[in-house]
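All chains should be modelled from the sequences, with the hints used to inform the complete structure.
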Amino acid sequence: MKQPTANSMYGMVAEFHDTETLLKAANLVREAGYTATDAFSPIPVHGLVEALGIRRSRLAGIVLCGGLAGAATGFALQTYLSVFQYPHVVSGRPLFSWPSFVPIIFELTILFSAFAAVFGMFGLNGLPKPYDPVFNTPGFNRASTDGFFLCIQSNDPKYDPAATRALLEKAGAVQVTEVAKHPDDPE
Amino acid sequence: MAPNSPPDQKQGFVEIEPVLDTHHTMETVTDKISAIPLSNTLPRSILGVGFAALLLLGSLMGAIFFLVVEGTGIWGINQPVGWGFDIINFVWWIGIGHAGTLISAILLLLRQEWRTSINRFAETMTIFAVMCAGLYPLLHTGRPWLAYWLFPYPNVMEMWPQFRSPLVWDVFAVSTYATVSLLFWLTGLVPDFATLRDRAKGKIAKVGYGIAAMGWRGSARHWQRYEIAYLLLAGLSTPLVVSVHSIVGLDFAVSVIPGWHVTIFPPYFVAGAIFSGFAMVLTLAIPVRAIFGLKDMITLNHLDNISKVMLATGLMVFYGYGMEVFFAWYSANEYEGFMKFNRMFGPYWWSYWALILCNGIIPQILWFKKVRTSPIILFFLSIIINIGMWLERFVIIVTSLHRDFLPSSWGMYAPTKFDIAMYLGTIGLFLFLMVLAIKFLPIISQFEVRELLHKKQHKNGH
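Protein chains in written order, with the numbering used here: chain B, 64 to 250; chain H, 27 to 488.
No lab work stands behind these hints, which were simulated from the structure alone. Just so you know, not all the hints are guaranteed correct.
To be verified - Pairwise CB distance ranges (calculated):
1. A135(B) with K465(H): 39 to 47 Å
2. K395(H) with R118(B): 47 to 55 Å
3. M342(H) with Y149(B): 37 to 45 Å
4. H151(B) with I290(H): 56 to 64 Å
5. G84(H) with R118(B): 26 to 34 Å
6. C128(B) with P170(H): 44 to 52 Å
Stated by the list, open to error - To give an idea of the interface, some chain H residues facing chain B are shown, with a C-beta separation under 10 Å as derived from the structure:
7. F189
8. V194
9. F198
10. A220
11. S245
12. R247
13. W249
14. I273
15. S434
16. S435
For every residue, glycine included, the Cβ atom is placed at its ideal position computed from N, Cα and C.
Below, the structure is given as structure tokens:
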């Protein structure tokens, strides 16, 4: 916001050699007060989420709700159909023979939970999203092999091109680049 | 541990080989695995298998065409044997599929490191085996275009499924299993598709893998949710896989046919499923690791572990055969007793004794470490076990049905050429899909191997 070009910038992206320096840098960046941050790595790095100060995901709760919805659907479906809609006596069993409803209740619990887990995970992650400005980082294709990246976005209130770059360089980055929002914009 | 014992030795067991060569780096493992889908060629042997599979696929198409035109009368099934190759092969294929879920889910929960380089392979096998399995009940309905009648939906006939039947449970179990396995597999593939997207040279490969990767960029937030979802899917799949084959077992056990009406069926079916599935993993993995030089990722240690699982589940299955004989005697039920006698010494005696030989006796060679670490012996043994597990379903279905209570309703069963064409056809479908998967997918999970490598290198004093 300070310069006319700041709006066209996505943020400052630093590349690190390994998980240790990335973790140290993430701690440093959080302690410096940055909040609009993210890290990119080819493997899940343990402790990175805490180092960046990211909140715990609500995904587990969503999956629990999915599972409960599945169980309720299974129970309601079978009870309604077998007791009220289509009451047929089969081998002398009572209409509300709930023990024989358990397998389908179980299967639907699993099915709905799995849908909640997968669609919840991709939904909360905002995927599919074919384009993201971070892909403009030079050498970012290594993020899926052995490159570790830390990004401070330009919408962070503390973002300042010179100071942010200096901080990341001090943290041990091998390369720091200011990345544009659009690939054709000049840096 | 003695102070001067070799470093690999722990608690008296010598590790034959580590589960992953730690001389690798993240880059070299990724290079090695992604080289297979990103190269433009396939080894001749794989192309040969693909071509043979394509021919068998033709036989499947032919078998389905004649079935749709003529109806199930072209099969060998009739009274009294109303379930024949269709259900034998359904149970055989779905059992094979279960090893994939066991490796990817149960071994993940048990933190077994050796699962990492074979889980993708086994999950892929699961998907294709379930597809082959699903074809059989679908076509056994005779009118597959009306298969949606199996599901509860409002219809003008005002009829609804009978929820007290295991056959209806099976519809839900198998379709849930297919769906959840597919979700698990696709979720696992997304970060690997991103790797292939970033490494692909050609335009089509870049775009194709780009779409499949859905824009995965390895963000820390994404990985956090990803790991939660992956772990929960593993936790959900574990009871699911047990329930699916238990329900398949109940399809039989809930009936009153002697030879089917036994309480051990659900657990014994689950053990048999794992047994046959691990055998199929070996049948496929041993040639693939040799052809693509993946011996540093799918090591002898893997083969040894798979063999131990097969030995354990094989013994459980063998115990099941023993208990069936015991029940027949101890129940003092004359029909059970006759069934067992007829199974052993009746017209199908050869199938029972071949089954005992293939599943009970020959697998005992797995007690020897030499066998467990010899790929060639294991390859042939795995084929023997595949045959044995097929025979198990043949014995259970045909010998129980063909002579039940009244001698006036006894009969014999033999498959027709259409049964055989369809069985060979599903093997073709399975192999053809496996060849496609080897060509287009990373057949070893890249991000999990990188993660394991990172963990191992940091444990060894970094």
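Verification of the hints:
1. Our hint of 39 to 47 Å for A135(B) and K465(H) holds, since their Cβ atoms are close to 44 Å apart.
2. Judged by the Cβ atoms, the range 47 to 55 Å given for K395(H) and R118(B) holds: they are separated by roughly 50 Å.
3. Checked against the hint of 37 to 45 Å, the C-beta distance between M342(H) and Y149(B) comes to roughly 40 Å, which is consistent with it.
4. Distance hint check: the CB atoms of H151(B) and I290(H) are about 31 Å apart, inconsistent with the given range 56 to 64 Å.
5. A hinted range of 26 to 34 Å is violated for the C-beta pair G84(H) and R118(B), which are about 56 Å apart.
6. Between C128(B) and P170(H) the Cβ separation comes to about 36 Å, which falls outside the hinted range of 44 to 52 Å.
7. Contact between F189(H) and chain B, as hinted, is supported at the beta carbon level, the nearest pair being about 5 Å apart and thus within 10 Å.
8. Residue-level restraint check for V194(H) holds (minimum Cβ-Cβ distance to chain B is 7 Å; threshold 10 Å).
9. This hint holds: F198(H) has a C-beta 4 Å from the nearest C-beta of chain B, less than the 10 Å allowed.
10. Here the hint on A220(H) is kept, as its CB sits about 5 Å from the closest CB of chain B, short of 10 Å.
11. Interface restraint check for S245(H): the shortest CB-CB distance to chain B comes to about 5 Å, inside 10 Å, so the restraint holds.
12. The interface hint given for R247(H) holds, since its Cβ lies 6 Å from the closest Cβ of chain B, which is under the 10 Å cut-off.
13. Restraint check, W249(H) versus chain B: the minimum CB separation of about 4 Å is within 10 Å; hint holds.
14. About 6 Å separates the beta-carbon of I273(H) from the nearest beta-carbon of chain B, less than 10 Å, and the hint is met.
15. Given the 10 Å rule on beta carbons, the hint for S434(H) is violated: about 26 Å separates it from the nearest Cβ of chain B.
16. Given the 10 Å rule on beta carbons, the hint for S435(H) is violated: about 22 Å separates it from the nearest Cβ of chain B.
This entry does not satisfy hints 4, 5, 6, 15 and 16, going by the numbered hints stated previously.
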